[in-house]
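Participant: Dock chain B against the given chain A, drawing on the hints supplied.
2 protein chains.
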Amino acid sequence: MSTRFSRRCFLSATIATAAATTASAMPMPRGKVTIVHHVFFWLKEPGNAEHVQLLQQGLRTLASIPQVKQLLVGVPASTEKREVVDNSYQVSELMYFDSLEDQAAYQEHAVHKAFVEKYSHLWQRVVVYDMLVE
Amino acid sequence: MSTRFSRRCFLSATIATAAATTASAMPMPRGKVTIVHHVFFWLKEPGNAEHVQLLQQGLRTLASIPQVKQLLVGVPASTEKREVVDNSYQVSELMYFDSLEDQAAYQEHAVHKAFVEKYSHLWQRVVVYDMLVE
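Sequences listed follow chains A and B, in order.
Per our numbering: the first sequence = residues 1 to 134.
Per our numbering: the second sequence = residues 1 to 134.
Hint data in this document are derived by calculation from the structure and do not stem from the laboratory.
The reader is advised that the hints may include incorrect statements.
[To be verified] Calculated cross-link-like contacts (lysine-lysine; reagent style BS3-like; alpha-carbon spacing at most 27 Å):
hint, chain 1, residue 1, chain 2, residue 2
1, B, 118, A, 81
2, A, 44, B, 81
3, B, 44, A, 81
In isolation and in its complexed conformation, chain A is listed as follows (with noise of 0.2 Å):
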């Protein structure tokens, strides 16, 4: 394990503050305020599994973003169904930013737009979760 930690070390300092603003093992910094961001898309062809390929690279673009501070991209996960479980969308992303105005400032910058413009005629319905943790 400590051999894993000093790699870990190596990370950069962003990766690192992301961590200490999500990580339950310790209490949030106090006044810091992180904002989660999770969408989901159902595509106009569900079963297209080019499209969902297609979706997810799209979406990994945003990470150049200097706001977003975490992402992560993905498809529902094969946990029991239960009728709580919604797991009919085909692709989804999750983002952190540090404040209302970088999320703000993420939604009209260029490569936000671009992937926008580019990849928007594959969905038929996005649904946004915005999250404030303090």
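Facilitator: Showing chain B alone in chain A's frame:
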């Protein structure tokens, strides 16, 4: 920045590992699976601030379950009101698991069952999204 970074290196290995699996700035470790478990709660009394507080307290008890790698508890962020944004929920929790098995074990864990028993009278609706990130 260097001082800040050094301080971050004292974070636990668990936190650093979690950062490595979720950060966009580096590739995901090969063969490493992350399950994101995001739950949204709509309360029976949406305007009852005490209930909002109480549910958040209850959710924080789930951090003691060993399979839960990260836990974030929050409320809707006051981001721009757009048609695609669902801000109608009152409380949300976001967790990470290392595997589908860990997620299943969490569902059956006594602390999780106690949480449901003690707090489920507060909510009228729950929606769960489980996301697989590879």
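Participant: Indicate, hint by hint, whether the structure satisfies it.
Facilitator: Okay, the hints, checked on the actual structure:
1. B:118 - A:81: 23 Å, holds
2. A:44 - B:81: 25 Å, holds
3. B:44 - A:81: Between residue 44 of chain B and residue 81 of chain A the Cα gap is close to 25 Å, so the pair holds against 27 Å.
No hint from the list above goes unmet by this structure.
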